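Trainee: Start from the sequences, fold in the hints, and give me the full structure.
Using numbering that gives the first Met the number 0, the final residue of the sequence shown is 297, and nothing's skipped along the way.
Since the hints were derived computationally from the structure, they do not count as laboratory data.
Given the structure is predicted, the values throughout are model-derived calculations rather than measurements.
Backbone N, C-alpha and C define an ideal beta-carbon position, used for all residues, glycine too.
Some clues are possibly wrong.
[Unchecked claim] In silico BS3-like links for lysine-lysine, alpha-carbon gap of 30 Å or less:
#, residue 1, residue 2
1, K151, K121
2, K105, K10
3, K105, K121
4, K6, K121
5, K151, K105
6, K105, K6
7, K3, K151
[As the list claims (entries may be wrong)] Distance ranges between label pairs, derived from CB positions:
#, residue 1, residue 2, range
8, K151, V264, 30 to 40 Å
9, S234, Y87, 37 to 47 Å
10, A257, K3, 49 to 59 Å
11, P107, E260, 49 to 59 Å
12, A253, K3, 51 to 61 Å
13, H63, P107, 26 to 36 Å
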Amino acid sequence: MAGKLSKEQTKQHNRARQLVDMARDLTDEEREFVLDHFHESANMGRTLDGAFFTPAELASELHHVIPGDRVIDLCAGIGRLAWHARDYWIRRWEGLPPREIVCVEKDPEYVRVGRRVLPEAKWICADVLDVPGMDLGPFDCAISNPPFGRIKRSGDAPGYRGPLFEFHVIAVAETLARRGAFIIPRESAPFRIETGFVRQDSAAYERFHRETGITLRPNPGIPTDEFRDQWRDASPAVEIVLHNRDEDELEARAERAALAEREAVAIRPRRPKTTRRTSAAPQAAPPSRSCDGGDTLF
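Mentor: Below you can see the structure in the form of structure tokens.
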């Protein structure tokens, strides 16, 4: 059931809606107000889709692991991740062009709000599982805070047949970009970062990795628990996981080379062992005697 808004939250949410409905362009301050105060709890379909908007500070941390000039945000909501993925001031300072950002979101109301918050992005109202067939071209990085868990879906992502929606989104992302950064439940990750990196067993991840060949890697040490109380209507334990197809391919080549070497060693014919013959030690010559058997004079 969608969370009930307080009077103050309702007031702020209604103000955000008023800004969205205005005919003029919004200022940056107004855009941030909408991001902060437009509540997903007001959307009665939210619980069916598992939508929880990313906390601002967590989204700000994620931008540190987003490379490249062309980025796609899957299950974008109203654009919180994409807003921070712009890296607007840093790229301007470094003389880089603005990033090209594409946002995919299936909720029409979220898309309407997102287009007001981030009009410079290309917004696509569609099911994320339909994206591989859209011919959007290659991206440098895919990002997502997808719905978690056993969410009702229209089909399966390429290569993955499991029940968890976050892995379907990552499998779609891998078809679009060589790099990725995703917020997923901690139990779905092969590691946890709290006070330090700890590798953990995850049967769900092992199945995903086995079916897709995708390896999820740790982030540089982003402490996601610091933002746990900033989620609205939830406090999930999450991890930021990274995907790097270049590293996957390098590791796969190294594994194939190592396997080929082991197989070559296994079938290489062994030379029979030869026993080395040791020659007898030479015997010492007997002492010489004089011809007449007499004493020898010195």
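Trainee: Determine for every hint whether it applies to the structure shown.
Mentor: Going down the list of hints, with the structure as the test:
| no. | hint | in the structure |
| --- | --- | --- |
| 1 | K151 to K121 | holds, 26 Å |
| 2 | K105 to K10 | holds, 26 Å |
| 3 | K105 to K121 | holds, 14 Å |
| 4 | K6 to K121 | violated, 34 Å |
| 5 | K151 to K105 | holds, 13 Å |
| 6 | K105 to K6 | holds, 29 Å |
| 7 | K3 to K151 | holds, 24 Å |
| 8 | K151 to V264: 30 to 40 Å | violated, 51 Å |
| 9 | S234 to Y87: 37 to 47 Å | violated, 30 Å |
| 10 | A257 to K3: 49 to 59 Å | holds, 58 Å |
| 11 | P107 to E260: 49 to 59 Å | holds, 56 Å |
| 12 | A253 to K3: 51 to 61 Å | holds, 54 Å |
| 13 | H63 to P107: 26 to 36 Å | holds, 32 Å |
Hint check: violations occur at hints 4, 8, 9; the rest are consistent with the structure.
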